[in-house]
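2 protein chains.
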Amino acid sequence: MKTAVVAIGGNAILKAGEEASFANQMRNLQSTCAHLARMIRSGYDIVLTHGNGPQVGNILIQNDLARKKLPSMPLDVCVAESQGQLGYMIQQALTEALIKEGVRKVVTCVLTRVIVDPDDPAFEQPTKPVGPFYDGEEVAELKSTHNWDFAIDEKRGGYRRVVPSPRPIGIVEFSGIRRLVFGGENQAEVVIASGGGGIPVVERGGFYTGVEAVVDKDLAAAVLAVKVQEKLFVMLTDVDNAFLDYHSKNPRPLGRTTAAEMREHLERGQFGAGSMAPKVEAALYFLANGGERAIITSTEKIDQALEGRAGTLIVR
Amino acid sequence: MKTAVVAIGGNAILKAGEEASFANQMRNLQSTCAHLARMIRSGYDIVLTHGNGPQVGNILIQNDLARKKLPSMPLDVCVAESQGQLGYMIQQALTEALIKEGVRKVVTCVLTRVIVDPDDPAFEQPTKPVGPFYDGEEVAELKSTHNWDFAIDEKRGGYRRVVPSPRPIGIVEFSGIRRLVFGGENQAEVVIASGGGGIPVVERGGFYTGVEAVVDKDLAAAVLAVKVQEKLFVMLTDVDNAFLDYHSKNPRPLGRTTAAEMREHLERGQFGAGSMAPKVEAALYFLANGGERAIITSTEKIDQALEGRAGTLIVR
Numbered sequence: 006m007k008t009a010v011v012a013i014g015g016n017a018i019l020k021a022g023e024e025a026s027f028a029n030q031m032r033n034l035q036s037t038c039a040h041l042a043r044m045i046r047s048g049y050d051i052v053l054t055h056g057n058g059p060q061v062g063n064i065l066i067q068n069d070l071a072r073k074k075l076p077s078m079p080l081d082v083c084v085a086e087s088q089g090q091l092g093y094m095i096q097q098a099l100t101e102a103l104i105k106e107g108v109r110k111v112v113t114c115v116l117t118r119v120i121v122d123p124d125d126p127a128f129e130q131p132t133k134p135v136g137p138f139y140d141g142e143e144v145a146e147l148k149s150t151h152n153w154d155f156a157i158d159e160k161r162g163g164y165r166r167v168v169p170s171p172r173p174i175g176i177v178e179f180s181g182i183r184r185l186v187f188g189g190e191n192q193a194e195v196v197i198a199s200g201g202g203g204i205p206v207v208e209r210g211g212f213y214t215g216v217e218a219v220v221d222k223d224l225a226a227a228v229l230a231v232k233v234q235e236k237l238f239v240m241l242t243d244v245d246n247a248f249l250d251y252h253s254k255n256p257r258p259l260g261r262t263t264a265a266e267m268r269e270h271l272e273r274g275q276f277g278a279g280s281m282a283p284k285v286e287a288a289l290y291f292l293a294n295g296g297e298r299a300i301i302t303s304t305e306k307i308d309q310a311l312e313g314r315a316g317t318l319i320v321r
Numbered sequence: 006m007k008t009a010v011v012a013i014g015g016n017a018i019l020k021a022g023e024e025a026s027f028a029n030q031m032r033n034l035q036s037t038c039a040h041l042a043r044m045i046r047s048g049y050d051i052v053l054t055h056g057n058g059p060q061v062g063n064i065l066i067q068n069d070l071a072r073k074k075l076p077s078m079p080l081d082v083c084v085a086e087s088q089g090q091l092g093y094m095i096q097q098a099l100t101e102a103l104i105k106e107g108v109r110k111v112v113t114c115v116l117t118r119v120i121v122d123p124d125d126p127a128f129e130q131p132t133k134p135v136g137p138f139y140d141g142e143e144v145a146e147l148k149s150t151h152n153w154d155f156a157i158d159e160k161r162g163g164y165r166r167v168v169p170s171p172r173p174i175g176i177v178e179f180s181g182i183r184r185l186v187f188g189g190e191n192q193a194e195v196v197i198a199s200g201g202g203g204i205p206v207v208e209r210g211g212f213y214t215g216v217e218a219v220v221d222k223d224l225a226a227a228v229l230a231v232k233v234q235e236k237l238f239v240m241l242t243d244v245d246n247a248f249l250d251y252h253s254k255n256p257r258p259l260g261r262t263t264a265a266e267m268r269e270h271l272e273r274g275q276f277g278a279g280s281m282a283p284k285v286e287a288a289l290y291f292l293a294n295g296g297e298r299a300i301i302t303s304t305e306k307i308d309q310a311l312e313g314r315a316g317t318l319i320v321r
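Chains B and X are the protein sequences, given in the same order. Counting from 6, one number per residue, gives the positions in the first sequence under this note's numbering. Counting from 6, one number per residue, gives the positions in the second sequence under this note's numbering.
Only chain B is shown next, with the shape it has when bound in the complex:
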């Protein structure tokens, strides 16, 4: 049985600058899911995970615009809402794409909590901007009512709330996800899990408390892949490969490479913070914890990458 965890990026759902309408998001998802459906038809059972940046941002903006009338939900609850929203949209798009490939499988979405360490240094230094822009007066009000942190966005001229981005250290629902992927004679389900990097919680004495933070979706996907004992982890993005000297005149695409080589490149700062670097880190975590192959490529090149003819393949 061939199985994999596959992570799709935010731009698989909404392109930069596009209006966040249901129609636009479904159209992008239909195009992405056509590629995923071919992968599934070729024999892969997958756990699919996805980004949620623009969507959770818009849910926060909706909460903010309604805040005089309705209590706003905390960030962890908004992440949960975005898992519902996007999980459903992906289910619908992927089911349709599978039917077009002649494959009948139920696409099942499991709400996923990701465990973070309450002592993670990220909590001391919130860096990730989320939600709407505020003016100085609103910031003063929100600081007093909510104890939020803010950073100024010079380019776009306004303040935004910043939240911590701690490292994922566990997945609460991994046993159920594993059972859905590996449990049957023939897996009936394609599983969507860990959307948006998961709903961040801290664990104390067996129960969980939500925290107002966001977790990198590729790192969370790597933790999930390890927990469900996958051997293959595929990260889809908007470039066909990871590159060396990406911003130079001669960017060099990486093909087949090893974890040791990638760690060197990473330590030399070859990969962009917030874009390629977390993907490489996620791959290295996966390979250091039982994973066998990690692939970084574009959605369009996934078929070729699985056959070793495109993309960046990292082995132990």
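Take these hints with a grain of salt, some might be off.
Intra- or inter-copy, both count: the list cannot distinguish identical chains.
[Stated by the list, open to error] Derived DMTMM-like pairs: lysine to aspartate or glutamate, alpha-carbon spacing no greater than 25 Å straight-line:
| id | residue 1 | residue 2 |
| --- | --- | --- |
| 1 | Lys7 | Asp69 |
| 2 | Lys105 | Glu208 |
| 3 | Lys133 | Glu272 |
| 4 | Lys74 | Glu146 |
| 5 | Lys148 | Glu24 |
| 6 | Lys73 | Glu143 |
| 7 | Lys74 | Glu142 |
| 8 | Lys74 | Glu143 |
| 9 | Lys74 | Glu23 |
| 10 | Lys105 | Glu143 |
| 11 | Lys160 | Asp69 |
| 12 | Lys306 | Asp245 |
| 13 | Lys74 | Glu159 |
| 14 | Lys254 | Glu23 |
| 15 | Lys73 | Glu142 |
| 16 | Lys20 | Asp69 |
| 17 | Lys105 | Asp122 |
| 18 | Lys73 | Glu23 |
| 19 | Lys74 | Asp158 |
| 20 | Lys73 | Glu146 |
| 21 | Lys110 | Asp122 |
Note that these hints are calculated values from the structure, not bench results.
Go by the hints and put chain X onto chain B.
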């Protein structure tokens, strides 16, 4: 193994008149989940379903108040968001309640689509009010842009959108839910599913299209209970029993009774439309399709009702 589908009502999450804050909802859920945790400790593996009326209403209001800035999501997507929001909150509250009872189980929430018939007569006659109140001018605008139906609310003086409430005829994700409940040696998961009556979809040629409708949560729970081949179906509400002559001076609580008797009472109009009648209908559907026992009682009486000492028990 003792298993059951358990449905909790809206007031288990938010009492009438209470502000819909996260803190209020969690406090109510903690109290409800204490009872559910005792049921689980006593040996029941459960699939838990829940209402979402106030919550999806508030998500619609947030969409509406933000509509000049952000495209509103269709109703089916808002239902999906409410499944994420409430599924997560219930997971957290129930995990804590279980730990207090000394039970370690993962509470797993599966996003659930409910299948309805595109030819259901409800689509001809939308009756269920959802979301914000509008004035006449807004109604004219929304009718032209969205093709929505509206009804006037005389008491509260305003228009509200009305949507169809078709009957549920299937559950897309039932096989995965069944595997999570029955799949293991010892079930590790408590499963939350079919929140808010499910995300309504119609099926054509194997794929699903969302529809702007809402489905009664007890009827959807009954369909789910039949699909996962449960024998016991428990509906929790704010009264200890179903009653005959409920609005008379002498309301008579129903104890142990049969499906045939309940059908007679139902046909004579003994049960309130929109409150007890759909619960009785849900019980009858369940018992006519393989179910053995249906219980209607309050959250507080669940322990006693399971032992036959309280509540309304309906058998085939």
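List of violated hint numbers, smallest to largest: 1, 10, 14
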